[in-house]
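Colleague: Fit chain B to the given chain A structure using the hints.
So the protein sequences, as listed, match chains A and B.
Heads up: the first sequence begins at 1 in the numbering used here, then just goes up one per residue.
Heads up: the second sequence begins at 1001 in the numbering used here, then just goes up one per residue.
One thing to keep in mind: the hints can contain errors.
Claimed, not checked - Below, computed lysine to any residue pairings styled on SDA-like, alpha-carbon distance capped at 25 angstroms:
1) A:Lys166 / B:Gln1130
2) B:Lys1040 / B:Asp1480
3) A:Lys247 / B:Gln1158
4) B:Lys1292 / A:Ser52
5) B:Lys1292 / A:Ala149
6) B:Lys1163 / A:Arg164
7) B:Lys1292 / A:Arg164
8) B:Lys1166 / B:Gln1130
9) B:Lys1292 / B:Leu1250
10) A:Lys292 / A:Pro123
11) B:Lys1292 / A:Cys35
12) B:Lys1292 / A:Glu466
13) B:Lys1292 / A:Val131
14) A:Lys247 / B:Ala1312
15) A:Lys166 / B:Arg1296
16) A:Lys247 / B:Glu1313
17) B:Lys1248 / B:Ser1270
18) B:Lys1550 / B:Tyr1531
19) A:Lys163 / B:Tyr1531
20) B:Lys1166 / A:Ser295
It should be emphasised that the hints constitute simulated quantities derived from the structure, not laboratory data.
Treat the numbers as computed from the prediction; the structure is a model and nothing was measured.
Number of protein chains: 2
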Amino acid sequence: MTITFLPSGVQTEVSSHETLLRAAERAGVLIDAACGGALKCGKCKVRIFAGSCSPLTDAERQLLTPTEIELGFRLACCTTAEGDLEIVVPDSHGGSTRKKSMAQLPEDLVFAPAVNLRSVTVPRATMEHQVDSLNRLRATLELPQLTVAPAVLPDLQQALDAKRGKVTAVLRGEELLTLLSGEERACYGVSFDIGTTTVVGTLWDLTDGKALASAARTNDQSVFGADVISRIQFSLAEAGNLTLLQKKVLFTLNSILTELCLAADLSPRSIYDVTVVGNTTMSHLFLGVSPKPMSRTPFAPAFTEAQTLSAAELGLSVHPRAAVHLLPNIAGHVGSDITAMMLAAGIEKRSGNHVAIDIGTNGEVVAVRNGELVCCSTAAGPAFEGACIRSGMRAAPGAIERVDMADGDITIAVIDDAAPLGLCGSGLIDAIAALLQCGALLPSGRLLTKEEAADLPPCIAARITEADSAPAFRLAEGADGVPILLTQQDIREVQLAKGAILAGIRTLLHELGISEDELDSVLLAGAFGNYIRRESALAIGLLPTVPVEKIIPIGNAAGAGASMALLSLPQRQRADRLSRMVRHVELSIHPVFQDLYIDAMQFGG
Amino acid sequence: MTITFLPSGVQTEVSSHETLLRAAERAGVLIDAACGGALKCGKCKVRIFAGSCSPLTDAERQLLTPTEIELGFRLACCTTAEGDLEIVVPDSHGGSTRKKSMAQLPEDLVFAPAVNLRSVTVPRATMEHQVDSLNRLRATLELPQLTVAPAVLPDLQQALDAKRGKVTAVLRGEELLTLLSGEERACYGVSFDIGTTTVVGTLWDLTDGKALASAARTNDQSVFGADVISRIQFSLAEAGNLTLLQKKVLFTLNSILTELCLAADLSPRSIYDVTVVGNTTMSHLFLGVSPKPMSRTPFAPAFTEAQTLSAAELGLSVHPRAAVHLLPNIAGHVGSDITAMMLAAGIEKRSGNHVAIDIGTNGEVVAVRNGELVCCSTAAGPAFEGACIRSGMRAAPGAIERVDMADGDITIAVIDDAAPLGLCGSGLIDAIAALLQCGALLPSGRLLTKEEAADLPPCIAARITEADSAPAFRLAEGADGVPILLTQQDIREVQLAKGAILAGIRTLLHELGISEDELDSVLLAGAFGNYIRRESALAIGLLPTVPVEKIIPIGNAAGAGASMALLSLPQRQRADRLSRMVRHVELSIHPVFQDLYIDAMQFGG
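One chain only, chain A, in its complex shape (with noise of 0.2 angstroms):
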């Protein structure tokens, strides 16, 4: 039997057993599963098109609306196939748009890549000085420290040979990285920020320090959950999980290289310097190294420090010989995307006490205290991200970003003014924040029933249904005829992670010994924290109470980091003394926290 997934026509043969979703992953079509195939999220609908397939289960009346259903909507990790099927992948499955910003760097930053190239010309051997080919380099060079991997031996005599000693070498510090024949300018690198969700590269020119071009694309692990702990347990379920992870998310950067390449118009050979940040999970799978530890008291990882290795040993698709460095762990759950942050933010080095928090699918806080540095993960959950939210989904076309109160009623802003299809995290904080004020949302997060809210506002009123016999909000009418909607669970999960999220940084402040009033700035980082509505989450209760000026985003800021320690070796130096200076709390086992938890999951500042 063959499935055919439109709109982007790839086929693949299955058999009667294999679920749609897994036939997907396994022909490289992306569709989001947030409960990586438990049957739990509903977010891998799929559209049947043609053809027929396995009866409607239990579990997708429950997820799926009668509309849905009525429209042909399957999930795909239910449906299995029955003969040949063509079945249509909505456009929300696949990458976030907001990711693809270029990173903003700061301006003083020393340009001093890993990377340069030397143009000269050797002279050739006599009878009287038989010096040997890579010596004759070394003096010509200037360099007699020179190293040369055996590996390189071929191509530096093939080299010399072709253009009568003119060559151009490629040197990382003292290595000869490669020798090409004649001269040649083109010498780039790629930093990567790889997100338990979105991955996102950026090509620089190590020339000149110029950014060419940046690509994103969701991490194809994402088919196995979305989060750490469900890719964990997906890498320990199996032999063979782990392996298969570290190629997924390989894939995901080999397609983005491809990707950065075309829109540049060069080779992926001429790319001779990498820098990766993720999560500690996310580092470890990259490398290939269990995510264990991660998921199971004292998180201790199996490793922190920066790791360098050989593109060809790892597999990525640049030059063979090019250096991939991951910048520093700090702890199980506070990885090399928190050090970029701190290098992005300047965080050591600004006076006063700040607060720098990173919202992706975990929400990570660094708190600082003239230069001394604390930080903590908090299990703040995917809520953020539209995982686990009845119509959430990710800052796509459709999604809704802004919700307003006006004249009596809300109003609402779509990604792309397109038709709603679901709420993103901002909208999702700004609808709470708009609950709140109108009254249809008490501070302690119950909705109120249709019967209680009979004094609100008629428009808002009426708005008032139920869902899993709950009171909901509806937001709007879907694109697909579906309303959206804000559960009562919707809001208990929000309430969780911003409840997380406001006792971490409670935390740090405690140890630093520092109150909310004497905060000079609290930093956003993350594609989230450039879209969210400063009042909105102050609103809500998910930052310390500070005047709305103090709350600044600072961008992609891991993203902006990676790139930094890309095109300036100072600051990867700058990264390792960040990673050991910085001091992690762990929250659940801190005195304070539990107190600060319960407190913190109230809505209102």
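Modeller: Just chain B, lined up with the frame of chain A:
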């Protein structure tokens, strides 16, 4: 069409275009072809057992005797199949048995291998001290500077998990090669001597320095020519040939590794260290570097210094992270085998004046005067290994190894007392010495004709016959009914070879300002040095005129040096020092060499 090679029974499919030599090469069946298939050497004899093949060529009519033709012998390089074919590959193809003897190492060798094992128990992390696995291992080993390649991290995490932290670290200095679970004791190393003709490997226990097994195989590159020049020519003939030659020698090494592991009953994964020596061309081919510079003036190689790379990178079947250490070469035609010879001979430590000679496929000479070292390579050619000699063969069963004058006739001794098949190097020198002694051969190198020999003892005179319109001497009736001859042409080949070696020695003595009388010893390295009769070598004038007791065979010095470097790190440093200390003398532009050469071609002391 199928070809079956007997006695091995190996089969392969062939087209009507492919010669038997190429088919054998493809099938991994070793047929010696000194000229590399250039229709010149006549060594690639096979016997057609059943089936039909292409008609006899002119080349075969010239290179095979009528009896051989009658018996069904053909040259594999000239013959193609015309249907299914069974052919017998004679015993004389394949490995020499003489190189298998274990290397003798100096008794005062300091045992200090590069790789060591250490078994420890690594404590678990705690919630209070979430130290990563790598740093807990460092602390337990008390090696704070321990380096660990990223590729080792997966093993590290797995080994720590398997047996409650009980692990064995495989250490190369302060580098973790790998981490094994539990307590392990298996730690081995192999030293290789890559000869142009024969490769010898010796397996050592790196925990106690004991030799466990030794194995020799004909270098699988041999099908592409007997000497370094034909290998170089083959490497340049077509793209891909260089890689093919590298694959061939790696195949030989891997075959030897299999044999060694079988003999000692151990896993190739417990081999953690490898040392390699070989001439400069073999060193280049081993690393896949073009040996082109060795074929043209000024013979400046791509590299000379020692090279270390990982087994995985190279494709050697030992532990993938084992280091393969190639000892330093000295010049284009003085390789790391000569560095190893100097190591084994303790050459720089000897007081007085000495000469060390390695007569392999080439002839390299080192001379020393109270610690001052000079070396040269002589274009001796492979005559003493049996190539270019009509009845020449390797030192294998059936080879005439001794020739004596007794009772007015010559007597012969054959290896393994087999029926004679040909003449090996020691027999060749003996034979010439015997002919000089009885007067059948003049010091100028001319064989008497039958007429001129009338005055010689009748048994001797009766042996004089004719070949290629020139005198020839019948040494024996061959096992196959073909007489074993020493031809005028053979004698000219020996003259050129021995003249080159003697003139090389004399040039070095000239460089050092010493006379032959002042020599304290003449050290003979290599299998040949062990089996040559010193009196005969003096009689024909292969060596300087010294009392016979000053000629000292030192065995397989190249192999011994490779083993010393495996077992003792200080010896590797000594090898590096020796390779820089020794001054290379280029004979072809040396002012006295030509005169000395013409003089040295005369037979006699």
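Colleague: Holds or violated: Lys166 (chain A) with Gln1130 (chain B), Cα cutoff 25 angstroms?
Modeller: violated (54 angstroms)
Colleague: Is Lys1292 (chain B) close enough to Ala149 (chain A), meaning Cα to Cα at most 25 angstroms?
Modeller: Cα-Cα ~20 angstroms, so holds.
Colleague: Mind checking the alpha carbons of Lys1163 (chain B) and Arg164 (chain A) for me, to see if they're no more than 25 angstroms apart?
Modeller: Roughly 59 angstroms separates the two Cα atoms, so the pair is violated.
Colleague: Under the criterion that the straight-line Cα-Cα distance not exceed 25 angstroms, is the pair Lys292 (chain A), Pro123 (chain A) satisfied?
Modeller: Violated. Lys292 (chain A) to Pro123 (chain A) sits at ~55 angstroms, over the 25 angstroms cutoff.
Colleague: Quick one, are Lys1550 (chain B) and Tyr1531 (chain B) close enough, alpha carbons at most 25 angstroms?
Modeller: holds (16 angstroms)
Colleague: Is the Cα-Cα distance between Lys247 (chain A) and Ala1312 (chain B) 25 angstroms or less?
Modeller: With a Cα-Cα distance of about 20 angstroms, the restraint between Lys247 (chain A) and Ala1312 (chain B) holds, given a limit of 25 angstroms.
Colleague: With the threshold set at 25 angstroms, check whether the alpha-carbon distance from Lys1292 (chain B) to Leu1250 (chain B) stays at or below it.
Modeller: holds (20 angstroms)
Colleague: Quick one, are Lys1292 (chain B) and Arg164 (chain A) close enough, alpha carbons at most 25 angstroms?
Modeller: It holds: about 15 angstroms lies between the C-alpha atoms, which stays within 25 angstroms.
Colleague: Can the restraint linking Lys247 (chain A) and Glu1313 (chain B) be considered satisfied, given a maximum Cα separation of 25 angstroms?
Modeller: holds (20 angstroms)
Colleague: Keeping to a limit of 25 angstroms between CA atoms, is the pair of Lys163 (chain A) and Tyr1531 (chain B) held or broken?
Modeller: The given pair, whose Cα atoms are some 49 angstroms apart, is violated under the 25 angstroms limit.
Colleague: Within a Cα-Cα threshold of 25 angstroms, do Lys1292 (chain B) and Cys35 (chain A) meet the stated pairing?
Modeller: This hinted pair is violated, its Cα atoms lying about 60 angstroms apart.
Colleague: Mind checking the alpha carbons of Lys1292 (chain B) and Glu466 (chain A) for me, to see if they're no more than 25 angstroms apart?
Modeller: Given pair Lys1292 (chain B), Glu466 (chain A) is violated - Cα atoms ~82 angstroms apart, limit 25 angstroms.
Violated hints, listed in ascending order, are 1, 4, 6, 10, 11, 12 and 19; each of the other numbered hints is respected by the structure.
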